Structure formats: C-alpha cells, structure tokens
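Colleague: If you're matching them up, the sequences are chains E and V in order.
Counting from 0, one number per residue, gives the positions in the first sequence under numbering that gives the first Met the number 0.
Counting from 0, one number per residue, gives the positions in the second sequence under numbering that gives the first Met the number 0.
Keep in mind that the hints were calculated from the coordinates and are not lab data.
Any given hint could turn out to be false.
Put simply, identical chains are the same to the list, so a pair is met inside one copy or across any two.
Derived DSBU-like pairs (lysine-lysine); straight-line CA-CA distance at most 35 Å [what the hints assert, rightly or not]:
id, residue 1, residue 2
1, 52, 752
2, 158, 752
3, 840, 850
4, 681, 15
5, 292, 52
6, 721, 844
7, 664, 681
8, 681, 671
9, 308, 673
10, 721, 183
11, 673, 655
12, 850, 15
13, 337, 671
14, 2, 119
15, 30, 723
If you're wondering where the values come from, they're calculated on a predicted model, not measured in any experiment.
Below, each chain spelled out in residue letters.
Number of protein chains: 2
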Amino acid sequence: MTKFVYNFHEGDKDMKDLLGGKGANLAEMTKMGLPVPPGFTITTDACREYLNKGLVPPELETEVTQALRDVEDTLGRQLGDAEDPLLVSVRSGAKFSMPGMMETVLNIGLNDSSVNGLAKVSGDERFAWDSYRRLIQMFGKTVLDVDGDLFADALEDLKKERGVTADVDLTADDLKGLVETFKKIVQDATGDPFPQDPRKQMDMGIEAVFRSWNTERAHIYRRRERIPHDLGTAVNICTMVFGNMGETSGTGVCFTRDPSSGDSGVYGDYLMNAQGEDVVAGIRNTLPLSALKDTNRPVYDELRAIMRKLETHYKDLCDIEFTIERGKLWMLQTRVGKRTAGAAFRVASQLIDEKLITPDEALERVTGAQLTQLMFPQFDDSASRTLLTRAMAASPGAAVGQIAFDNAAAIRMAHEGTPCILVRRETNPEDLPGMVAAEGVLTARGGKTSHAAVVARGMGKTCVCGAEELDVDLKNRTLRVGDRVFGEGHVISIDGTTGEVFDGKVEVVDSPVTTYLSHGLEAGLKAAGDDEDMADLVRSVDRLLTHADEVRRLEVRTNADTPEDTERALGYGAQGIGLCRTEHMFLGERRALIERVILAEDDLAERAEAMEALVPLQKGDFLQMLELMDGKPMTVRLIDPPLHEFLPDLTELEVKVAVAEALHKDGPELAKDKRMLTAVRKMHEANPMLGLRGVRLGLYLPGLFALQIRALVEAAAELKAKGKDPRPEVMVPLVGSIRELQLVRDEALEIIKETEEKYGTELNIPIGCMVELPRAALTAEDLALEADFFSFGTNDLTQTTWGFSRDDVEGAFFGLYTEEGVFGVSPFETIDTHGVGRLVKLGVKKGRSAKPDMKMGICGEHGGDPDSVHFFHKVGLNYVSCSPFRVPVARLEAGRAAVMSED
Amino acid sequence: MTKFVYNFHEGDKDMKDLLGGKGANLAEMTKMGLPVPPGFTITTDACREYLNKGLVPPELETEVTQALRDVEDTLGRQLGDAEDPLLVSVRSGAKFSMPGMMETVLNIGLNDSSVNGLAKVSGDERFAWDSYRRLIQMFGKTVLDVDGDLFADALEDLKKERGVTADVDLTADDLKGLVETFKKIVQDATGDPFPQDPRKQMDMGIEAVFRSWNTERAHIYRRRERIPHDLGTAVNICTMVFGNMGETSGTGVCFTRDPSSGDSGVYGDYLMNAQGEDVVAGIRNTLPLSALKDTNRPVYDELRAIMRKLETHYKDLCDIEFTIERGKLWMLQTRVGKRTAGAAFRVASQLIDEKLITPDEALERVTGAQLTQLMFPQFDDSASRTLLTRAMAASPGAAVGQIAFDNAAAIRMAHEGTPCILVRRETNPEDLPGMVAAEGVLTARGGKTSHAAVVARGMGKTCVCGAEELDVDLKNRTLRVGDRVFGEGHVISIDGTTGEVFDGKVEVVDSPVTTYLSHGLEAGLKAAGDDEDMADLVRSVDRLLTHADEVRRLEVRTNADTPEDTERALGYGAQGIGLCRTEHMFLGERRALIERVILAEDDLAERAEAMEALVPLQKGDFLQMLELMDGKPMTVRLIDPPLHEFLPDLTELEVKVAVAEALHKDGPELAKDKRMLTAVRKMHEANPMLGLRGVRLGLYLPGLFALQIRALVEAAAELKAKGKDPRPEVMVPLVGSIRELQLVRDEALEIIKETEEKYGTELNIPIGCMVELPRAALTAEDLALEADFFSFGTNDLTQTTWGFSRDDVEGAFFGLYTEEGVFGVSPFETIDTHGVGRLVKLGVKKGRSAKPDMKMGICGEHGGDPDSVHFFHKVGLNYVSCSPFRVPVARLEAGRAAVMSED
C-alpha cells in the first residue's frame, strides 16, 4: 500500500517529488538535528489520488490520525485541547514553488474553548484571541472561499470605532468581539458556522490545499512555467510556534550570503513580537539581522551556527525562515536561495574557494541566461525617465540615440559620432547598414523573431520591436506616439530588456563583464575600476567560463557574415564559423550585378559575364574573413534565398507602373520599370519560403553556386600560397535528396581540383549540407554518403516540421498558442525537442549509421539558446554555432551540459 | 567463386536478375525442350564486375572458353572454322528491356577464310558474303563505334553503280567487293584492321555490350524508368541460324493472342528468305502467320504447338521470335507480350476461363493505369485535325467545345446545351462553376498539379494546362496562338491524354467502360452495342473489378465537396467520403458573409451575427450530402485555407486604389476599396501555405469551427430524426500538437452534447485529425490520445517534408529535377516512399502504439495513384480516399495490392 504520510523525521531533501520542496527541506533539517517544530507531510501521491477520484482517500485519514498522534505524543499536548492546545499550520508545498496555490492556514486547533486554554498557557489573553481571529480570517478566506475584504473591512471598522490605528492597540476584549464578527461573516457567507472541531479544521485545510492545485491561476502559472499538470502538491502540517508572544519572541528571514550582490556574510531581517506575515506585509520596519546580536546574543549565535551548518550541508546559499518563541529558536523553512545573476557567479566561485563544491558543481549553479543578463548595458536605475510606449523586448540592452529613419541618416550620424536609434516600420536585409551604424533598433511591426529582432540579437544590438503605438511616417520623416510627434534627430532611449521606449536620454551603465568577454580579464578588471564587487564578479565569470571551456564536449562556433561579426565572435571565444551566409554579400552596390544575372534570362553570355564580375568581389569578402579565421574552420553556406529578394517588391512596382500609366507618364523610366515588372512577375512566388531557393536555385541557375565556390576556393588557395592556414568548408542549403547534393558536390570537386592545379597547391575542403528539411533528416543515411558534414538548420526545420513560417505566424497567434498551452515557449526560441528534436535525433542517428565519425553541428537560432544547447549535447552533435553575442552563453551552457548530462 | 557463365540448359525463367530477361527465357525454352539454338549467357554479375574494375574478369574468359567448347562439342563445329564455321550472335539482355543499349551483333565467327567455308557448307556464295558484310557493318557500327552512315552510303553507291535498287540484286562478287570497302572503312575509322580472330570478335562484342550499359542514352532511359543504375546487363551468345538461306528459310514474330484487341487465336507475321532485321525494317511486306499453314504445314503445326505449350507454361500471352532454317524451326526469343489496356483485361479474363490462372493472378495482369486509359473518351484516330499547340497533358480525355473565357460564358453555353471549353490564363476556386459547366479546361499557365489540373482530374474532366504559346486576352475576349486569333464561341478540341490542342471539332469516341463503371454492367453492355470485343471488354473489367472488391483490405472512399461529386463517386463504388472540404461552401453568394466575418474584426456581435447566418446555409449543404451518403461515413474537414483567400487580391487592390487616388476619383467606391485594402493588408501573409490556416485559424477566430460543427451535427440530428443513418465524422486540419486537437475536440464534444439534448437523440460522431505536418506524424502517439481517426494528408505532408510548395516549384524546376534524376516522378503524383512515406509509416506505427485499432486513411491526391495505393496497403491503412473519377482505379489497385503483397 502507498504510504501517504511522512513524519518530518522520515524524509529527506531528495524526496521533493513526493514531499514537495518545503516538506523535503523540513525533513532534511529535522534529520540534521536542527530545531524544527514537530510535524508531518502528506504526499503528492495523496493529492493525485484525491484529484483523480475527487475524494480524500480513506487510508489518508487513518495515516493522518497516526502521524498527528505521534506529534501529540512527542509534545505531550493534543490538537485543540481545551487546557493546553496543540496548534498547527497547514501549508501547501509542491515540487516547484508555485504562486497561485493556497499557501498557509495558521493556528489550526483554536476554537471557542481552546482559545481559553491558549490564553491560560501563554498567559496572554490578547495573544490568544488575536490568534483565533487570525485563524478565522485565514481559514475563511483560503479554505472557505469567503471574500477576504469582509474580514479586513470589519477589522478597519473596529479600529475606527476604537479610535486606534495599529492592530496592537486593540485590546483582548476588542478581539473577542472581532472573533464574533468574523464568525458571523463566515456563517453569512457559507451558511455554516465556523467549524469548532480541530480535526475537522485540519481535514478541511488539507482538502483545500489539494483543491488549490487546480485553480485557474495555478493552471496558467504552470503552463507558463512548463510545470506538468499532473505532479500534484504535498501538504505540510507543522506545530505552531509563535513569534508574537511578547518581546522575547520574534520572526525573521535570512540568507547565508547576500542574494543580491553575492557578498559573503549573513544577510537578513527580523521583527520582534511578530508573525511571519507581519514581516512580509511590511507594516512595521524590520531590523537587520546584525541587531539581533546585541539584543539576544545566544539566539544570534545559534542561528549563525545553523546557517553555517545549512550552507555546508546544502553546499549553497540558503534562504531561511525562523521564529523565536520566548527565546527559543525554531527553523520553519529553508531552501536553496534565489539570487541575482551577479550573485550566482560570485557565490559559485566563493563556494569553490571554500571547498564546498567542485568547479563542475559550480557550473550547475550558474546559467547562460544569467550570463546574458550580465552582458547587457542597462539604464541607470536612479536616472529619471519619461515613458513613451512599451512593446516587445526583442534584444536586451539599453540604447540611447537620435532618431534615424533610414540607412543614410544612421550612417551619417554614426560618421559624425552621434549615437542613433534606427526607427523603422519594420526592417529587411537592406536595412543592415543602418542597423550596424545604430546603437539600437526600434520597429513598429514584427515579433521576437522578426528580421529586426533576429539580426539585432545576432549583433548583440538593443532592439525593441512591434511597438504598435508608433506611427512611422517616412514621407514626412516623423515619428508619432499618441499626440506627440518627433522629428529625425530627436533623442530617445530604448530598453531591450523591458521593451520600454523613453523620451530623451536616460543614463546608461556599461557592463565590465562584456568588456572582459570581448577583451580579456585584464580589460574587464580595468573596466570594473574601484568597484570591488564588480571586479570579483568579472573574476568569477572568468573562472567558471574557463572551466566550462575545459569540460565541454561541444565546440562553439559562430554565425558570421562580415569581418566585423567575425572579429567580435573571435573576441567572445568562437572556435570557428559555423554559418557564413553569402547572400548578404550580394547586397549594396553588387545588387546591380545580381539584377543583371536575373534579367539576363536566356542570354547565357550576358549572365555568365555578370556572374564573372561577381567572383573577384566575393573572393575579396572571403579573403578578409578567412584571414581572420586563420587555422579555424569557416563554413560557407551557398546562396539560399529566392532571387526575387534581390528585385523590387512586386506590389510596389505594379502600383508604380499602373499609376504612371494612368497618368500617361510615358518615358524611359516607365519602360524600364515595365521591363523589370515582367521579370518580377515571372519570379514571383506564392510561398517564397517553399520556392526556388537553396540548392534548388543553385541547380536551376547553372553557374551561381560555381561562382561562389570558385571565389571561396581561390581565396583559400591564395592565402595558402602566403603561408596561411585557411579552412573553408562548403555547405549546400535546403537539400532534400542525395541526388541534389551529388550534383553540387561533383561541381565543387571539379572546381577545387582545377584550382589546386592552377595554384599548384593541395586544398582540403570538406563539402557538407544543411539538414533543414524533414526529408533531409529522414534520409540522412543517404545524404551522409555525399556529405562530409551536416549542419542542422533548426530554423527552417522548425518551420517545415510545424508547417508555419515565422514571418507570418509569430505575431498572429503565438500569443494565443502560449496562452492556450500549445507551447510553453516559442519553438523558434527553444528547440521543440518533442517534434523538431526527434527529427534532429533521427538525422544524427541515420547519418552516423552511414558515417560513424561524421562531424555534425547546428547553426540555427537555437545554437545560442541554453535549453537547446543541452539538447544538442545530448543528441551527440559536435558543435553549435550561434550569433557572436551568444557565443559566451553557448560556451557556458555547453560546459554545463557536459557536467550535468549523465553520459 | 562466382559463376559468370550459364549454358542455356543451366538456367530458367526465374533467373532474370542474373541472366537478364532474354537469357532467362532462352534457358527456360531450352529446359522445356523447345528447339533453341545452343548457346550460353554471361551474367549480370560479370558485367558489374567489369564496370567496377574496368577490366573483363580473367575468370570470365576461362568460363567463356569452356561454355563455347560445350556448344562446339554439341554441334560438332568450331567458331569461325575455315571449313564448317560455327557462327554466333552476341546480344545484350538486361533484367528490364532497355532501349539505348547495344543490341545485337550477328554472324560473329566470319572472317576472310571462314566466309569461304560458309559458302561451301551452305552452297550459297552470295549468302556467305552477304553475311560477312553484315557482320562487318554491325560490328563496325556497334562494337567499334564507326559511323554507320559510312557503310550505308557505300552500299547505296554500289547499288547505284550496278544500277540495281534492292540488296538482293547484288551478286556474290559485288558483295565481295563491298566487304573490301567495308574493311577499309573500319581500317580508316579505327586505325586497325577488322579483327579476323573469331574469338577476338566475340570477346570484343561481349565487352561492347558491357560498356553500352553506361552510355548516356542508357542512363537517361533508366532514370526516366526508375531502373537502378547498378543492375548491369547480361550477354547472350547464341548459335546463328539463318532465315535467309533460300526459300525454305524464313523468320517471323508472333503473339499467342492478339495484343491489340485481346482476341484469342494466333497473331503474327513472317517473311521467307529473310533475317530478323528485314522483318523489323519493313522493307518487304510481311505475310500473316496463317499463310505459313499453306506453304509449310509441318513447320506451322510445330510452331502452333510450341505457342500453345509456351502459353500454358507462361500462363500468359507470349511474344515469340522464330527462324526457319531450311525447313527447320528455331525459337530465338520469347517473353510475356506487351498489350493494350483493353487486351490486358480481356486476356486476363480468358485465361481464368481457360483455367490457366486464378482470379487473384488475373488481377496481377492488369493495372489501374490501364483501367484509367479505358475510362477516357478519345479522339477518333481516323478523324482529321489541325494542331494549334501542344502543352501539358493534365487530365486525360478528349473534349470539344466553344471557347468560353469565364464562368458566365461557360454557364450560359451549358444552359444553351452548347458544349464549351473553359479557357483561362490559370484557374482558382472561383472558376469552379465554369469548370463544372465546361467539357474541358485549357490554361496558359500552371503544371500538372496546378489548380486547374488537380480539380479537373478530380472531376474526371479533360484538361490541358501550361500552354504557354496561348495568349489569353480577357479584356478583348480573344485567344491568340501565334498569329491566329480566336474569339469566344470558336470551337476547339483538346486532348488531355497527349496535351494537344486542335482548331475546330475533332470527332470523339465514347467509352462504354465508363458507362459500365458509373451505371452498372447492363448499361455498359448496352453502350457497347454490336461491338462484341467491347462487350467482352466490359464483362472482363467487371469480372476483375468485382474480384478486386472481394479481396481488397483497403476501403475506397472519395474526396467530394458537392452533391454532384458525391453521386458520381457513389456510382463509381465509393464506400464513403474520406474528405469533404468545407471551404468551397463559402464561395459564391456566401462570400459576402465570410467577408463580414473577416471585416468585423473586434466587433464580436457583428461577427457572431455573420457566422450565425452561415449556419443554416452550411447545414443545407450537409443535409444534402449526408442524405446521399446514408449509412456510409462522411468525413468533413473543417475550414482549412487562410481567410484572405476569400478577400480580393492584395496587389490588384493596391493598384486599383493607387490609380483611383492618382486620378482623384474620390467617392464611395474608393472609400470602400480603401477600407477593404486595410483589411487585406492586415491579413496578407508572406507564405500563406505556412500561415494562419487550418486548426490555427479555427483557434484564432473563435466561433468559426463551431459554426461548421454545429451545422454538421444538427444536419445529422435532423436526418436521424427522419429515420436516416447519417455518419458524419469531424476532421481537424493542419494539427501539429495534441493541445490544438484537444481544444477543438472539447468544443466539438460540447456542441454534440448540446445538439443531442436539443434533438433528444444520440449521435456517434468520431472526431479525428489530418496528419499532414511532419510534427503530427512525429508525435502521432500523442495525437492518437485525442483522435478517433487519422487521415494522412499527403499533399501537404509532401510540401512540408520536401519544403516546397507545389504552386511554386512544379513549373519552375520539376522538369529539371526529373531530368537530373532527383525524382523519377513528381512526389505529388506518386508518394515519395523513401521520405514522405517514412513519415506516414512512423505516424501509423506511433498512432497504433497508443491506439491499436485506430482507423487510419489517406485523403491526398495520392489516394488514387496506383503505386501509392500499394504503399498505403503495405503500411496498414484502413482506407484511401480519392477523387470520384479515380475510385475504380483505387478499387482495382487495392485488390491488386492485396493479392500481390506478401502478408
């Protein structure tokens, strides 16, 4: 038979699944011999049984009786006894801390008769009646679902009547009257009297905790936090101890280190003659824990000893709740304490020094998300500000600058040394120069994975997007927000961590952690200056990141298309380029050449000529980047997007031509536009994402891939001739079948061979492919025969596996889908392990079945996402590739994955 | 050690993999004791070995020597012996008959000396020298790669010189001189003399056959026919027998039944004093086989006896090559003969009657493709015609009618009883009424799976599409082809089987098979009239189809959206509706309501009202169809396409508004257009295929699915009240996760419950989902928990698995992809078993792992494709659903799959 009830001395901290977090820790402290008031925990099994059957299991009642008797025997008192009543608290306690559930009912066991016993035993009638009215109030509200305001209002009315302001100024008689009022409120609201039977109070409390697991608030919370709905909660029954039994009693909360800064040394607050809720409510000013040293040295010393013991035992910063009842210290709760990002790194490093944990364990104490937080500059909290609007926090950081409405303006301002914010309705690849020039990007449209957001995150640039209240008027070059209108050059500030947009300049604080990450320890320490905490933080980050690098199995590469990106990524510790997109190399002035290629159509000579002209330009790009990457791999993806992306927009051109014709504006421009329109119409696709792109485009337009491959291979040959060590890799996008890959590979091998002969050198250039279509993963054992490596493209793989394009759906219904629990988090942010992840796993398995040592990586947005990195470690990839700014996070998480995974 | 050479008496007909088709059949006939000239076969193993290593394996040479010696010993003659030379032929013979490879070299063994021996032994000097010159000519051309025209020209020159027209008029001396000329041609072209060593001739011939496996022509052929490249060919070495040794010799080809009509009784041609090539070349008129009865009764009788023996042995119509050498009959080849579609059915039925095969075996002798051919009307072969252009044969059949440029014209003509052809640049759902009204559809754009093609096939309507030479000018209502211009009403004829478009009327022949399929045997026989062959064909089709229905495990349902489709499909034997699309029910006059729903946006009351107005209309549709389907399941798919498909096209509207504004045409219409434009812009999607559609739309726009479900459920309840047996099933499209399905299912269950209470009845309505996204297949074990059935949507699954949309890619690069061997046939025609099929298999397996008895079907285009039907049988689906016209094919193929599969 399942055991439903555990006395505190029966459990331990590893039984969280069964006893919940609170119960497991109470048991652990009991086991450690710390002064925990006796009690017991009802398991999550019991809760699940209750939820399934809608009935409290009869065995549970028997076991509770038994456990309660144990406690009563230990203390020699009985629940609700009229002379010397044992009182208990009933608290929920799930595996994961969960606001939204019923929390606590104190003073269970008091009734019209035992209240007198309590008064006698405590020698404090006022205390006894105050405890009783608190019970009725809490019980009424949380167990009986009575409107809490009814009790609060009655209390206020009474105080007014008595002409006092504080609760403590009410007398015992006042409180006796209040108890009567409260009982009447319960009777009126529920139709039943307040229950006098102590055991019934307890049973009702237990059932209320069970029920609270399924409230709507709890559901919503779990969905958001991705906590399974079927865990259930435990219930803790604990003997009451009182911090409000006069001036030798008190209650407090403390941490074994400062959870905010990470400084070692105690940190906490307490209040004498108070109950826990008084501390939390903030009605009275709390005292710092150090004050206890002076008022009650023995208790203070005992508490400090317990704190040291707990920290040594838990090997981590602990968060503690305690109560002093007439000079006797009781521990009511402990857990590993929450902390800020900075504190996490500093504490982990301290614990290594104190030899409480190993460096491996220390890695488990910090997260990539924390490191990300430490990397972004932030607005100075103390600075004043005027909020204009709040939108999507697309790429964290704080940026201040003049409004720039286009590339030209942004570049001009950057040239003049004036920081600027690029403000656009939305961005596209053409806006790249402006984004590079600007401090941050603000758009009126688009979600967290819009072009602006993705590119900005890639560049580590602050971005707020989808600010629908903004009206960007390009013609008049104004930005309107409500009834305020700003012109170009007006200064605004944007907070990419909160999504806030401010009028004017808000002061920004830089992060020395970022300085360290990009320029090394010395530079980081210098940036920290006199701030000793910051310097210690920089040293701690360095220590943990260095350890992560030592233990991780995943290589970390970067997605970089430009020399600037490449340099930044190398600074951040990238070990190679996992994705160099080449289409960006066709923008700007080179666009004219691509247009020539497209418009040439069947004029093969013209097309060949236009392509030929692109070779030296593209070679120049590759020379620069290969030189920077000397000795490190650089994976170059052949052109991927459909060609019409390089032509004008169909609708805009149709409108232009139609209007010109309607107004009879004949002339060479119209003629030119009409020629272009014919080409654009021909290339137009209903679903460009699923159109003529990637390898399909390469095969369809002979010579296109060849020109890119030639440019790359010749660049490598030239560098090699100069004694460098270039390591390019050719990557074919959007492959769905082995034959496609074969055709491109044959062509590439031919070019490599020719170039080797021409330069009299030997080049070892791997040729691989993206695995970004379901079919590629499903037939990976075939592809492996023609591929030297795989790179999983989880962006496209997510789009095709789910059948939605992120351009179209994120804004439209991701909000709804998150709300409805279809996903916990966007599958474009964290890899959908259950669906897309299965394809990745299948691809790895099938690919390795054909080529056991095949190198495999991932170069989608997920490469820098902590959860995803752990998944990629687990499925056995060799590397992740992510945007430069995410490289440190990926390094840290790859290290964490290595120490945390079971293999 | 591998055995590379098999004497004819060592093999049999089941060894086609090793001996090729020809070799296996020669061996079989030898085994049967038929008069086959002695010889041997070199295996495909030897060919593969040669192709891999580039060298004739040394063991092969030894084995050939041994086999040759056997033949020589049997006949008591030696290859190329000067006195009484043994001559042989060398022929290729792969597993599958394969034009494009080297075929035959005859008379191997002749040289300057043995030619005299042959002359002496045959007593015919002219014959000997003619044989020698034939050897040099064939050997030169096929083995030595000498330009064949050189020989032909020399022969012509000689005939001119001698003043004769026929080869036979050349004398022995003439031919001696010709042999010298031919030898010089060889010497000049190759630099080497014509080889005199008989064994060297043979070895060179063998190697030439091996090599011919890898010619470009052979490669292209194999790719097109999906024959693996690694099979290799066998080589047959056979003793020469001569049909040109005077008037008692001859050669011929015959079939054991008429391969054209299927009539029983012999059928063949022969020529006396001729070699096989003379029969094929058609220089001299052949005689019908019956003539042989009179000229050489013993040989005729022997041949007839052999034919009966072969047919009994092969249990099928055989195709035979024979030679008579001086009165002695020799069998040179046999195989199961090719036949027309009609003959296939008739012969299969005859063979059952003759108790040569079982009905199960008969099913293996016919195909769905043949049945399809029998169903389409065709142009009368003898009718005259003027070709206008040739384009894609999108949906077979022959249609004649007046040009109609739009719905209105087509409907008007149909009303007037004038057949018409709908001619459009391309079609979309709006053109449906016109397509229904027209005899056939002709479009200037779009491929085999364009809207026009798919819908036309679905309706069994003739369609030619992608006729790029057509210029459809809607404004002037003209159709231009080259310099000819036709107005509306001009008569054209289109052939959907060949893709031809003709000017004027071409006579059409109707198919009684179709009459039988839709109206039963009696009607079919009546349609056949006096045509006994046709009547027999109708009976044969009925017999085989009836047997298919008895043995098949797959149910055959239909995709039908209208009562008309439904009736047609029922006629064709559909057992249910597997896909009833509901979006078509929102077209026409109801479009205004859908526009209201969309334009209502946040005006919930307005939206609800518009939706409410749709309920009775949609209920009316369902009532009609459910009544027709009484007692049979009808799966209704909730609305799938994105809503903007119901709004005007963005670009057109942008142009309209911009032009009106440019011309200052203010007014209520512009204002209305601008309001609409705002909505259209808002709903516009970059990739509608991957946008807000299917279940996503249903969840996004609350009430939309509900209105459809309510209409369906109420229709069912009303019919049930009338004592009918409605069996609707609700199908949710585009599901990717269990949660989506759960939400819709909960809503549907609620509506069903309400309706049951309202009507006081009990409805048993299964709720299932499409599996048309990779994620659905990958997580099918989850979906199965919430789904009562699965229907695989292999169209969308193909699009997402390959990552291409058929709208965009089919025209653009499917030609290239077929050419380059990426696929043998479009994956939209036949399911890509290696990629998409793996997902289907996975979906079935995972789904059944959760729900072992779950009903699963498929409702994509593939449901009526023969190869795909076999695949679906094999993976264990319960039903296929296809367009009405394909129902008979699916029934037949499902039966074939059942008897042909191994389970």
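Colleague: Run through the hints listed earlier and report the numbers of any the structure violates, in increasing order.
Modeller: 2, 4, 5, 6, 9, 10, 13, 14 and 15
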